[in-house]
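Engineer: Each chain, written out:
Number of protein chains: 2
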Amino acid sequence: MSKQHYEIATYRAQDSVGYLVKRTHSLMVDAMEPVFEARGFTFLQYVILAWLRDGIAVNPRDICTQYRHDSGALTRVIDQLAERGLLERVRRDRDRRKVELQLTPAGRETIEGLIPLVVEKLNLALDDFSGDEVHELQRLLVKLNNRLLAAVEPAKAAAGADV
Amino acid sequence: MSKQHYEIATYRAQDSVGYLVKRTHSLMVDAMEPVFEARGFTFLQYVILAWLRDGIAVNPRDICTQYRHDSGALTRVIDQLAERGLLERVRRDRDRRKVELQLTPAGRETIEGLIPLVVEKLNLALDDFSGDEVHELQRLLVKLNNRLLAAVEPAKAAAGADV
DNA sequence: GGATAATCGCTGCTTAAGCAGTAAATGCCG
DNA sequence: CGGCATTTACTGCTTAAGCAGCGATTATCC
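Chains as they are written, first to last, in our numbering: chain A, 1 to 163; chain B, 1 to 163.
It is possible that part of the hints are untrue.
No copy is singled out in the list; a pair is fine if it fits within one copy or between any two copies.
[To be verified] Within a straight-line C-alpha distance of at most 27 Å, the following computed DSSO-like cross-link-like pairs (lysine-lysine) qualify:
# : residue 1 : residue 2
1 : LYS98     : LYS121
2 : LYS3      : LYS98
3 : LYS143    : LYS98
4 : LYS143    : LYS121
5 : LYS121    : LYS3
6 : LYS143    : LYS3
Calculated directly from the structure, the hints in this document are not laboratory data.
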């Protein structure tokens, strides 16, 4: 029996965390997109480059699971970035199913040029937030993420409960 | 000059509120979708019905702006719901451009049946949240929403800054 | 060791979101 | 009142996301 944060009798869609998250996401994309569009990139293309820079994700699979994006769709976006010479696919002998994505020098230069624009936009959006508020928002979102992940993928969550 | 919550030198995509929000949204959809799918509905269809129940939105336009959804796409979803006899389009003499959406008895019955399932899922996702944490999450998301809205639609935000 | 299952990246196909443009209705401003 | 701009809902078109299935490779289990 879970806590009754929401109750059937009083539930309104506008109060729902689900609605707020969806709306925030849409607004975030709309606010960020012009930054990338001016340079011929999409949000998703930026994300891939950014994660390669940070070394978070090296395989398409990693990006799919972490960013929750479709595998097939991602392949095509990686194609675009590869055609523009921003990254390369490398097959490793260790596990020949996997493709390791590597930034080219041009790719690294590109992402390093985009990061400041993103950081500026984020800071602007969080302008009237205190440092504590930003950290609390991040913490609560991570917490919610973990719970939702467990609900969506019960098996894997039971194995290793880290994200 | 805005606050430096994120800094260029230390910025990592995984810390970004943008990433967390996107991931939370995807997970939320994945967690909720089975509830609707079992009854032949999509997330968006539920949202429309829920908002009509709450009286939040009566015009397609209202749903578009509040839920940040495409107008053309919404028209087609409303068509589906109308064909299934869950809502009706009513033209008012007051402003004959607008279409007022009204739940039919069947539509009301449908949404009243779905609400408990949604509430249960939400409560489950927020199970290890305290009441304060839920409220804080909602507050911070609303706050971020307002800032982002101002960034996306500067004109309207200047006029009436309520959401 | 050898059969079977699972994983990874990829490719068509389907569906829906996003975009631009249209007609009707209204607001605005002289 | 009259002309122009704006709003609203809707329609085709384009693009991308989501889905199922494939071959190649690896893990698992008897």
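Engineer: Hint by hint, note whether the structure agrees.
Structural biologist: Results for each hint:
1. LYS98 <-> LYS121: neither (35 Å within a copy, 36 Å between copies)
2. LYS3 <-> LYS98: neither (42 Å within a copy, 41 Å between copies)
3. LYS143 <-> LYS98: Classified as neither: same-chain Cα gap 30 Å, cross-chain 42 Å, threshold 27 Å.
4. LYS143 <-> LYS121: Answer is both: 25 Å inside a copy and 16 Å across each meet the 27 Å cutoff.
5. LYS121 <-> LYS3: between (37 Å within a copy, 11 Å between copies)
6. LYS143 <-> LYS3: Both ways: LYS143 and LYS3 sit 16 Å apart in one copy and 25 Å across, limit 27 Å.
Violated hints for the displayed structure, listed by number in ascending order: 1, 2, 3.
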